[in-house]
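With the hints as your guide, set chain B onto chain A.
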Amino acid sequence: MRPWLERANRLLQLGFLRCASLLVPDRQRAEWRREWRAELWHVRQERSPEGAVSWHGEREVTAFCLGAFQDAFCIRRSGRQEKPDFPAMEGTARQCMMAFVVMLVASYILSLLLPGVRAERSLWSRKVNANLVLIQQFDGDGSQATISPRQLRRWEERKQKYFDGFAFYRVTQEIVGVEDASPGPQNKSRSKVRWGVARASVNLFALLGIPVQFGEAGGTPRGDLPGVILSERTWKSEFRADAHVAGAVVHLGSHVVRIAGVAPDGSLDLPGHADAWLLDPEVESGPGADGYVIAHLTPAGSAEIWASRVHITARGPDQSEEDLMGVCVEDWHPTPQGLYLFALFLAVLSLPAITAVSLGESSPSLQQTSWLGRLRRWSFLVFKIALLLPIVYFLSLDLAYGCTTLGREQAGLVQLFSTFSMCLFGMRWVLKDQRQRCPVCLRRVVHPAQVGQASRTFLAWNGTEMMCMGGHTLLHVPSLPTSWFGTQRWLYLDPSWAFLFVGKSAGMENEAISGLL
Amino acid sequence: MAREGKSTEVKLSHTAALILQALDAGFVYGFSIMEMTGLPSGTVYPAMRRLESDALIRSNWERQSIADAEQRPARKYYKLTAAGKTTLEASRKRYPLLERLIPTGEAKTV
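Line order of the protein sequences matches chains A and B.
Per my numbering, the first sequence runs over residues 1 to 517.
Per my numbering, the second sequence runs over residues 1 to 110.
It is worth saying that the hints were derived from the structure and are not from the lab.
Treat the hints with caution; some may be incorrect.
Just the calculated beta-carbon pair ranges, DEER-fashion [what the hints assert, rightly or not]:
#, chain 1, residue 1, chain 2, residue 2, range
1, B, Glu89, A, Leu500, 28 to 34 Å
2, A, Leu12, B, Arg63, 30 to 36 Å
3, B, Glu89, A, Ser455, 32 to 38 Å
4, B, Asn60, A, Leu5, 36 to 42 Å
5, B, Tyr77, A, Cys19, 23 to 29 Å
Some chain A residues well away from chain B (every beta-carbon gap over 10 Å; in silico) [unchecked claim]:
#, residue
6, Arg7
7, Gly67
8, Ser78
9, Phe100
10, Asn462
All C-beta atoms, glycine included, are put in the ideal place defined by N, C-alpha and C.
Bound conformation, chain B alone:
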């Protein structure tokens, strides 16, 4: 994954672009992205750390009350930032198959 200046055009690797596309499609936590992209956990989570440190995505914890109500642990959700959306647009031009692999609005659950 390229980590250049944020103001200039950022060139992402295919994996990183795929993860951004999955997030944009509504797959907002690590395991769902793994499921969607078919990438292993050892690839997806580190890639998301880098995307987050490059401010292309941001994360926030689910409210504990919601998790308690559903009797499961609270999970961490990821979301595209404005810079992430711009970068994703540029990546789609670079990788035209992205949208075919993961169409926007594909996610069934959040």
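Next up, chain A with everything else stripped away, as it sits in the complex:
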């Protein structure tokens, strides 16, 4: 045999060993390689020694090396059997609780990461101030702007008994140029749209108590440009719900302004349908057109409210009296918590319609379970429900508010339906799961076997039997409830069954239960 061919052959043989060694678990690989290389050295000395290399000898050496694959597979298989295997955890109470905890943590983290949910959460701490009224003409419907800046200044100059704060705004239609804020070439495009722009007193949002979302430093404008606050509707339609919209430059008519944040919908159901709010300190000082006035009532003023309205008498400069009406401005939108509780209530009411609420513990043999066992079983059920509810809450928030393109009302509907569905089917699963847990070790019973025939239901036993792999119980579930076998029954196995569960039952229940309590 030629020397280069001999070398190639040896490389190939070593390659076989190296490939086979990859099948061996890490911790055994080095020793395995060492043994096979030592054996190979001896095989080679015996079959194909230096100076007497033959095809036949090389073939035998190669065949020897190929046997390494079988050896490696054997070690790999036995390594798997020795592992503290996860199947031992299968169906245990611990596994169930771990799955619930993982889901809870995942849904909570997701709710922290989604900008829409974060923004929604920021609203919870602040609500629209109470005792706010929109001042309008006594016989008006509030849709028309009727209060002039001069009139407002007069009210502000006088000492008021019933009001302790006013804010003014006026809505005008303006052509707006929005610069494309995406990074890239300098020749940025500018789209022109028509917006209803409200020029408002700088204290408007503070008076309303509305937080500005996605803004910088509480909505204060950056740089020397005046700040404009977008309505949520405009933010979604014109800026595709961009969470980083703050700082973008907008051309309002001849003015250049910078976006300072987004005002959430629902909190601003004020007349005028403004698309953007430009906070202008000069709006009250000039002559200007009529606008809308929001006023905050003192306790004395709020005592005068009747049916969400309060009658106001204003004195003119000539001491003439003018009748006005204050209509309460309220944030009527339900909160996510309120929606969640309502959906949960509906789900609890609907639950008996889709599943039996019994836990199937009316078996006459139940007395075989100790009070401690029953306590564990009930605690397990309580834990499952206690974990399910926050999971549903966070998931429903993620679904409803994670997608920022949804309107506030649509998001509320999504939350309502998702909460209802998840609560209903989640609790159904919890009850079903509980019914199939061995009363002794809380493992799920497995290996369902259909016993009997449907045609003999009233003559003999017909149903499904499941077995606890800990060797404690058999569960009989009738296919068709009858007067003599209406609900599932537990059969407690005596020690004569133990041979079926050798090596499986020992310590299983202790592990499962100690992990739970």
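Coordinates of chain B only, in the frame set by chain A:
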């Protein structure tokens, strides 16, 4: 190969019994057992892994100094345990030809 409880009687396959017999005869490493029994490496080594995991044989590495002195790699030697000897005795009754195939004391070298 049967892998039953160690305290009860262990019934070995013919291959496993042959390997035990070879070890008892003094063939104490994989290649020598292959040579003696005529079994391929893909049979002998996995069988020895199983015998070792069943505690019928045990292995130990040769001292490196001995291997260095003979200018060869150190090799892994196998030896029957007490349980292995008992099992081999039982297997000999089951497979009477074992001792004829590999007489005890057959090995020339270790």
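Each hint tested on the structure:
1. B:Glu89 to A:Leu500: 28 to 34 Å: holds (33 Å)
2. A:Leu12 to B:Arg63: 30 to 36 Å: holds (32 Å)
3. B:Glu89 to A:Ser455: 32 to 38 Å: violated (59 Å)
4. B:Asn60 to A:Leu5: 36 to 42 Å: holds (38 Å)
5. B:Tyr77 to A:Cys19: 23 to 29 Å: Distance hint for Tyr77 (chain B), Cys19 (chain A) holds at roughly 27 Å.
6. Arg7: Non-interface label stands for Arg7 (chain A): nearest chain B Cβ at 19 Å, farther than 10 Å.
7. Gly67: violated (3 Å)
8. Ser78: violated (6 Å)
9. Phe100: holds (38 Å)
10. Asn462: It holds; Asn462 (chain A) is separated from chain B by about 39 Å at its closest Cβ, greater than 10 Å.
Of the numbered hints stated above, those contradicted by the structure are hints 3, 7, 8, listed in ascending order.
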